[in-house]
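**Student:** Sequence:
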Amino acid sequence: MGILKKLASETAVYGLSSIIGRFLNYLLVPFYTSVFLPEQYGVITEVYSYAAFLNVVFIYGMETTYFRQCNKAGVDKEKVFLKIQSLVVITTFVLCSLMMLLSNQIADLLKYPDNGNIIILLAAILGFDAVLAIPFARLRQEGKAKKFAFVKILNILLNIGLNILFLVILPRISGDHNPNVDLVLIANLFANAVQIFFFIEYFTLWKGASLDWHTVKMYLGYGLPIMIMGFAGMINEVVDRIALKFLLPANFYPGKSSLAAVGIYGACYKLSIFMSLGIQAFRYASEPFFFSKAQDKNSPEMYAKIMHWFVLSCAAVLLLISFNLDWIKYFLRNEEYREGLVVVPLLLAANLCLGIYYNLSIWYKLTDKTQIGMWISIAGAVVTIILNVLLVPAIGYLGSAWATLACYGFMTATSYLIGQRSYFVPYNSFYLIGSVSIASIISIIYWNVSLSPNLIMNIALKNFICIIILAFLFAFGKKTKAL
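Per the numbering used here, the sequence shown starts with residue 1095, numbered consecutively.
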């Protein structure tokens, strides 16, 4: 239990920072939805969707490669850091240069004519993210969760402050109240750049490192399948917001453009943040932890226990958020955005499946079979694309949400079935499937049911039901045995 407590402790630190940080960042959603029209917020949603794709390309699996190399017997961790950081800096310079040189052409391709400045700003943001990725990974590898959390929260606070400065304070001073999407990117860029100062110790000691082809080939051999996996994962995660603009029939939502629908869906997607931030916190703590315990003969049993408590925790988040949308919806300041709330329980359930998939994925990382993980992710991406093409023209952004849930469910089931043959873990399968199914079905069907005309009483009754369901799931877990 001491090992589990250590993981729980580190997850709590990462989780607290993620909760505080993401919540502060989430405050930008009601801010943006009050400042920008849905069409403008649609541009912001779309640009950051592309950023998610490109971030995977810029880092190309080097974070996980770093963890893997650091936990090999007899390696010099300092040299591993310097070599991987050198490789990332070189590739970042090349990619940023290409994006900036081709900024106008890329902007035209994305239907942002005469807005090459958006691509230049995006390239700079991605560049800072990539250069800082390995230093942040080093903090995780060294167990410096508090410094990691501090820098991340400071970054978000600075980003929020600059958004308020650029979009509220300066317009009031100048009298110009026409909000510009560029200002959102400029605020992000400055906030990212400031983080460099917290890693001066790494950059002052770093003077490059000798990179021989054998080493580069080894790193790329491990990292590139993870990059492809991550890229496929990003297709699963963000293609819905990108595809809406192109797949939604004209006037599908009367009086709204397809870009406005993207803005509505993107704003409601943000309400699933409470699930995704918990998963992110767990990943920050668990990835280096799992690698460090790989040689422990009892590690499979430990992984099973971790999965048990992870699923119970995420089921609680799914139920509580879905049943509290009656008041959470007011974070969307403009009522026009709230018509998309129907997608929230679906996206929460999808993220729960994604979290389970991340837990399961440890088998191919520990056995150096990242190629299998790559193919699972690619298959998931194919499922996502096909279902979006089929469902979006028929049921709009609700089709995007169902496609996301189907994709992550498929990936989870596939990873489990293949993984148990290569690296057996005694998961309590009956409990896991039952808990996920119960929490998901109840949330998707009953999230909008009113139990009382009084808002406070309705919220109280729904939360009481949540507690009963969670108590049942807790007891259910004790009664079942690993299959």
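Read the hints as simulated data drawn from the structure, not as lab findings. Check before you lean on any hint, since a few could be wrong.
[Said to hold, decoys possible] Okay, the calculated beta carbon distance ranges per label pair:
# : residue 1 : residue 2 : range
1 : A1507     : D1270     : 51 to 57 angstroms
2 : L1259     : F1425     : 19 to 25 angstroms
3 : A1473     : V1543     : 33 to 39 angstroms
4 : Q1199     : D1306     : 33 to 39 angstroms
[Unchecked claim] In silico BS3-like links for lysine-lysine, alpha-carbon gap of 25 angstroms or less:
#  : residue 1 : residue 2
5  : K1463     : K1171
6  : K1399     : K1463
7  : K1171     : K1459
8  : K1173     : K1350
9  : K1391     : K1311
10 : K1423     : K1311
These numbers were taken from a predicted model, which means no experiment stands behind them. Glycine residues also receive a C-beta, built at the ideal position from the N, C-alpha and C atoms.
**Student:** Taking the earlier hints as the rules, which of them does this structure contradict?
**Tutor:** Hints 8, 9, 10 contradicted; others consistent.
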